[in-house]
Each structure stands twice: as C-alpha cells, then as structure tokens.
Amino acid sequence: MPRVEVPFGPYHPALGEPEYFKVVLEGEKIVSVDFELGYNYREIEKKAAMFTWPKALVLLGRICGICSSAHTQAFAYSVEKINGIEIPNRAKYIRTIGAELERLHSHLLWFGLQGDQAGFDTLFMHAWGAREHALNMLEIMAGKRIHYNYMIIGGVHRDIPPTIANQMKKELIELTKKYETTKEIFLSNEVMIDRLKIAKLTTEKAREFGVVGPVARGSGIKMDARKDFPYSAYEELDFKIPIQKGGDAYARSLVRLDEMNESILMLNQLLSNLPKGKISKQGLFLKSKEGEKTTVIEAPRGENFHFVIAGKNTPKFVRVRPPTFANLSAIPHMMKGLSLSDVPLVISSIDPCFACTDRVIVMDLNSKTIKEVEM
Amino acid sequence: MAYELLFPFVFEWIHRKIHARVQMRVGPPFFQPLYDFIKLLRKKVILPEQKSFLFCLMPFLLFLVNCVAVIVAYRQIQYAVLILLVLFSLDVLFKVFLANSAKSPFTIQGLARLGSMKMALDPAFPLSFLAPAFIFGWNMTWPIMAAIFFPIAFIASLAELELSPFNIPNARTEIAGGWKAELSGVLLGLVNFAEDAKIVAMSLLLASFFGSQFLILKAILVFSLMSLISAALPRFTVEKAVKYLTILNIVAMAEVILSLSLVP
Numbered sequence: 002m003p004r005v006e007v008p009f010g011p012y013h014p015a016l017g018e019p020e021y022f023k024v025v026l027e028g029e030k031i032v033s034v035d036f037e038l039g040y041n042y043r044e045i046e047k048k049a050a051m052f053t054w055p056k057a058l059v060l061l062g063r064i065c066g067i068c069s070s071a072h073t074q075a076f077a078y079s080v081e082k083i084n085g086i087e088i089p090n091r092a093k094y095i096r097t098i099g100a101e102l103e104r105l106h107s108h109l110l111w112f113g114l115q116g117d118q119a120g121f122d123t124l125f126m127h128a129w130g131a132r133e134h135a136l137n138m139l140e141i142m143a144g145k146r147i148h149y150n151y152m153i154i155g156g157v158h159r160d161i162p163p164t165i166a167n168q169m170k171k172e173l174i175e176l177t178k179k180y181e182t183t184k185e186i187f188l189s190n191e192v193m194i195d196r197l198k199i200a201k202l203t204t205e206k207a208r209e210f211g212v213v214g215p216v217a218r219g220s221g222i223k224m225d226a227r228k229d230f231p232y233s234a235y236e237e238l239d240f241k242i243p244i245q246k247g248g249d250a251y252a253r254s255l256v257r258l259d260e261m262n263e264s265i266l267m268l269n270q271l272l273s274n275l276p277k278g279k280i281s282k283q284g285l286f287l288k289s290k291e292g293e294k295t296t297v298i299e300a301p302r303g304e305n306f307h308f309v310i311a312g313k314n315t316p317k318f319v320r321v322r323p324p325t326f327a328n329l330s331a332i333p334h335m336m337k338g339l340s341l342s343d344v345p346l347v348i349s350s351i352d353p354c355f356a357c358t359d360r361v362i363v364m365d366l367n368s369k370t371i372k373e374v375e376m
Numbered sequence: 007m008a009y010e011l012l013f014p015f016v017f018e019w020i021h022r023k024i025h026a027r028v029q030m031r032v033g034p035p036f037f038q039p040l041y042d043f044i045k046l047l048r049k050k051v052i053l054p055e056q057k058s059f060l061f062c063l064m065p066f067l068l069f070l071v072n073c074v075a076v077i078v079a080y081r082q083i084q085y086a087v088l089i090l091l092v093l094f095s096l097d098v099l100f101k102v103f104l105a106n107s108a109k110s111p112f113t114i115q116g117l118a119r120l121g122s123m124k125m126a127l128d129p130a131f132p133l134s135f136l137a138p139a140f141i142f143g144w145n146m147t148w149p150i151m152a153a154i155f156f157p158i159a160f161i162a163s164l165a166e167l168e169l170s171p172f173n174i175p176n177a178r179t180e181i182a183g184g185w186k187a188e189l190s191g192v193l194l195g196l197v198n199f200a201e202d203a204k205i206v207a208m209s210l211l212l213a214s215f216f217g218s219q220f221l222i223l224k225a226i227l228v229f230s231l232m233s234l235i236s237a238a239l240p241r242f243t244v245e246k247a248v249k250y251l252t253i254l255n256i257v258a259m260a261e262v263i264l265s266l267s268l269v270p
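Sequence lines, in order, name chains A and B. The first sequence finishes on residue 376 if you use our numbering, and the numbering steps up by one all the way, no holes. The second sequence finishes on residue 270 if you use our numbering, and the numbering steps up by one all the way, no holes.
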C-alpha cells in the first residue's frame, strides 16, 4: 500500500498552537511519527536575564497563559530560596489558591479540547462553561482572568479579604455543579470512552520516557511535586494523589477528572481556613544575593522545573523545563499502530502546551559550554 | 418560483440551534445561515496550486444536483425516489472528483475515507429506500406501513449525510475538513449550500415513510432528531463506523428479504 505523509501542523485545526507532527500513513494506519519543536520561541529566558527581578517575574508569567501561576511561582520560590526569604503563611495560602484554580481551569480547558478533538462539541461547550467560573474566581482574586499577575517575590500583592473569599465560594459552588454535569456527560458516553482506550503507556515505558504529571500518574507512577517536595500550603492540606493503572488515554482522563475533584475540595479548605497576617515580606524586591537554586512545582500538566542563577541584583541565567517537554517524547511510541483518527486524541491525552515548551539551547561540544541564542 | 430552495437555510438554522441548545448556548439568529452564505459568496477564492479545472466546476455541479434534489423531493414528482437515489449517487461522485482534483494530503485522505464509508454503506442505504419503493410504489406517496423501514433508512441517511457520529470524511480535527479542506469563498459557499440542500431532500424522503401529508413539518421533525443524535455523540473512527455499517447492512438485507417475501 502506498505511504502518505500527512502534515499535522504547524497550523492544524486540532492544535491550538503551532507545532509540527509528521504522520506517515499506510491507508489509515500510522507507520511512523516525528515531531518538530521551535515554532513558538520567544526569547523569554534570554530576556529574563536582562531584566530586574520584578520585571523578570512578570515576563516569566507570560510563558504560558494557562500555567502562568506555575511559572511565576517556580521562579519566585527559586529567588526566595537564593535570598533566604520565608514568605508569610497567608501568602502561601493565596499562592496555593491561585495554583489550584489554575489546575482547575487548565484541566477543564483540556477536558473540552479532548471532546472537541473527538468531534464531541457538547462536551467541549459544557467543560468550557464550567471553566468560566474558575476564570471568574481568578478575576475576583487577582483582577485578571488570564496572566493573573498576583505574585511578587516575598509573597503576593493582592489580599483575599472575607468579602472576596465569600464571592469566590459562591463561584466555586456553581463550578462544582457544572463540573459534575460535565463529568456525567463524559462518563455516560460509551462511544467517547471507547475512543479513549488507546495510546497505552505501561509503567516501565512511562519511566523510560521520563513522563511527568497526569501522564505518569495515569500509568501507575505515584509522583506529584505537591507531596514529594511540598511547597506553599500543601503540607497543611488534606488531599489525595489520584493514580490510575490503565496507562491509556482514558486512564489519563480519569486522573485529571479526579484531580479536579481534589482541587475543588482543596479550594474549599483553603478559602475557609485562610490564616491571618501579612501577605508579603517586603516591598519591591530589587537587591539580591548571588547564588543559584532549582525549584520544582506541580503545574497542571506535571512537573515544572526552574533553574535560576542570580547575579548581583539581577537574574543572570534562567532555565525552564516545562512538563510538556518531558511528555512529548512518549508521543511517537504511543501512536505506533494506531489510526489517523486517533492522532488528535493521543496528542491531547498528554495535554500539551507548546508555548511553554519551545526553548532554544546551543551546546558547544568543543568548549563544553551551553548558551542561549537569539533566533 | 422555487421557494423551496430557501429550506436549506432553515434546516441549517435548525441544526445550529439544536446543537446550541444542547450545548447550553443561545445559538444563531434565524437569518444567520443566509448571511453566512452571502458572506462566502463575496469572499476571495484561494485555489490550491496543483488543482485541475474540475476543482472549480464541481462545487457548481454539487449545488445544481442538490437543488434539483430539493425540488424533486418537495414537489413529490413521479418516480421521485428513483430520481433522488440517482441524484445522491451523483453527489458522491462529484465529491470524489472535487477531492481528487485538489491533490492535497487532506483531501486525498478525505477521499479515501469517503470511499470506504460509501462502500460500507452501499447495500443498506439504497435498499432501505428501494424496498418500500418496490412494495408501495416509486412516488413518495407511501402509506404509514412504510415506517417499518424507517429505522434502517434513518441511520443510513445519517451516515450518507456525514453528520456526527459519521462525519468521518470531513473530520475537522483529524484531516482539516477532508474533501472540503481546500475550498474557499464562493466554492465553499456553494458546497455548504449543497450539503444543506441534501439534508432537506433526505429529510423529505425520510418523512415520506410516515405518509405524504404535511411532509415538510415531518421532515423538520426527522431532521431535529438527527441533529439531536449528532449533538450527543462523538465521531466514530473509520474502523468502528465500517463495523457498525456492516451490521446495518446485514439487518437491512434481512429486513428487505423478509418484507419482500411477505408481499404477494
């Protein structure tokens, strides 16, 4: 049978962001898959090293509209570790609220997209309807729905007084209702579930590819930075890490669904038990010590790793390893032997964020140096 | 005046409105499909590099064939069932020419899917209309007894119209619209209208299973049911669709043999 090369990207209706997947087909069956990164490079790491700390923090939030809080949190914690700053307990709680709201709206966004990619627009609309409430909560809390820039080095810059907390609780009740409806639509649809029983990744293979986040947890690996390296208020919270052993796209979906449930429970705890006190340690953070630190944060898509080297009063080097970069390597393995109809579902099963992923690094093997380049 | 040629806009509006209500949205205003059609007529046409002249011709033929189908079905002219089946086959043939003349990987993939779907659908779709025609006559004036053939004809029509869950040949998120991928401007407008017109003709034909009175109202009800089903189900994979359609074929053949053997 003749082989046909179907370009899946850089611009394709199934991909929200530009990325190129080269899918070679024999009839409908996938013979090989290759992907190319680099359509989204925006020099963020290089620019961050040219800015002051507060400006760099804002810039890091712009890496991704959906993981904005995860990136700013990871960067802020790295800088705080370098300078030995312990943030107030209330700020920790507010950061956790932001992070869990982000997880909710990211997972609901993915949930809708997965429906859309299976040609199930009803699920898409219901999931995004529920997501509106998560975005409303972020707007109440931070003033913005996306790129909610509520964090500063040493704490947060917007408090959650009781009136705001009450408004957020009301929105959370609405969100919970719509989440339950969406979950019911998904779990009662046998056709949808049947379509997702693909792209199996065994525990061994998952370890081999080094996948992270819900993809790893869907393959039975118990890993979550919130429990493994506790930060913010996670030590004081009562929550479970959902694990599924199926390893297929359906198992990953169930992990994310359970995570949303846990996030709702966590938000209820957080909003009811906000500790009293200050929300930040200091004003504008301009002077810093020299040093280097790494931080791991559990972003909605998995482990988000930041490495920061501080120069005198400015950042010297910033490196970001977002979760999608770790998960992408498993895609060609997962797609082997499947049909073209499954490609969008396999890609969406890792919940990719290409804007987060695209980094450029040049390794000079002769001088054994690594440098960032301008494109 | 062939005022029935405005029905495709109404049916398109019903389809969008039902989808919107199921999805907790408001949905478009009544004249939106008409505005969309006019907008597409005025837009610039972008042609693929490796096209043949058929690429520009086929949308016009598709438009023509389906307009004729609507008139034939609505006016219930003599031998309407036979003429409609021929027109629906022509529609598929023109789609094949259109996809082949664009020569893009997406249209070729759409063409392959269109082929496998039509192959899988072949006995069930024509048989479910031919059997009542053999028994009750070739005009669309069947008694209510013909309704026993309705369920099979309904599912086969859903696949023939490429509505979800059978919207495989023009899957947007998989093959960027399949056989429709390279269309733009007036060509896309004509093809969209042709698809809506086919929906009207098919709904009228399906409605005639329940007697020939108030045909258009029954057609709207039948199509509303189709829209509801398509809003409630995700797209099948090609393998699954072919598997289900094979079962449909077997049931259709059994039903036809049984019904024909009972008729004196």
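Bear in mind the hints are in silico, worked out from the structure with no lab data behind them. Mixed in with the good hints there might be a few duds.
[To be verified] As a list, the in silico DSBU-like pairs of lysine-lysine whose alpha-carbon atoms are at most 30 Å apart:
| id | chain 1 | residue 1 | chain 2 | residue 2 |
| --- | --- | --- | --- | --- |
| 1 | A | K198 | B | K109 |
| 2 | B | K246 | A | K337 |
| 3 | B | K57 | A | K198 |
| 4 | B | K246 | A | K206 |
| 5 | B | K45 | A | K23 |
| 6 | A | K184 | B | K249 |
| 7 | A | K201 | B | K246 |
| 8 | A | K179 | A | K206 |
| 9 | A | K277 | A | K184 |
| 10 | B | K23 | A | K178 |
| 11 | A | K30 | B | K224 |
| 12 | B | K23 | A | K23 |
| 13 | B | K109 | A | K277 |
| 14 | B | K124 | A | K184 |
| 15 | B | K23 | A | K30 |
| 16 | A | K82 | A | K337 |
[As the list claims (entries may be wrong)] If you anchor each label on the Cβ, the simulated ranges turn out as follows:
| id | chain 1 | residue 1 | chain 2 | residue 2 | range |
| --- | --- | --- | --- | --- | --- |
| 17 | B | R48 | A | T182 | 37 to 47 Å |
| 18 | B | K57 | A | K317 | 28 to 38 Å |
| 19 | B | K57 | A | K228 | 55 to 65 Å |
| 20 | B | Q84 | A | D35 | 39 to 49 Å |
| 21 | A | F52 | B | L47 | 43 to 53 Å |
| 22 | B | V32 | A | T182 | 52 to 62 Å |
| 23 | B | K57 | A | K23 | 23 to 33 Å |
| 24 | A | E37 | B | K45 | 47 to 57 Å |
Positions of the beta carbon are idealized from the N, C-alpha and C atoms, including for glycine.
So, going through the hints one by one against the coordinates:
no. : hint                       : in the structure
1   : A/K198 - B/K109            : 33 Å, violated
2   : B/K246 - A/K337            : 19 Å, holds
3   : B/K57 - A/K198             : 39 Å, violated
4   : B/K246 - A/K206            : 28 Å, holds
5   : B/K45 - A/K23              : 35 Å, violated
6   : A/K184 - B/K249            : 28 Å, holds
7   : A/K201 - B/K246            : 19 Å, holds
8   : A/K179 - A/K206            : 36 Å, violated
9   : A/K277 - A/K184            : 36 Å, violated
10  : B/K23 - A/K178             : 24 Å, holds
11  : A/K30 - B/K224             : 42 Å, violated
12  : B/K23 - A/K23              : 37 Å, violated
13  : B/K109 - A/K277            : 67 Å, violated
14  : B/K124 - A/K184            : 35 Å, violated
15  : B/K23 - A/K30              : 36 Å, violated
16  : A/K82 - A/K337             : 43 Å, violated
17  : B/R48 - A/T182: 37 to 47 Å : 41 Å, holds
18  : B/K57 - A/K317: 28 to 38 Å : 55 Å, violated
19  : B/K57 - A/K228: 55 to 65 Å : 58 Å, holds
20  : B/Q84 - A/D35: 39 to 49 Å  : 59 Å, violated
21  : A/F52 - B/L47: 43 to 53 Å  : 51 Å, holds
22  : B/V32 - A/T182: 52 to 62 Å : 18 Å, violated
23  : B/K57 - A/K23: 23 to 33 Å  : 24 Å, holds
24  : A/E37 - B/K45: 47 to 57 Å  : 36 Å, violated
The structure fails to meet hints 1, 3, 5, 8, 9, 11, 12, 13, 14, 15, 16, 18, 20, 22, 24 from the earlier list, while all remaining hints are met.
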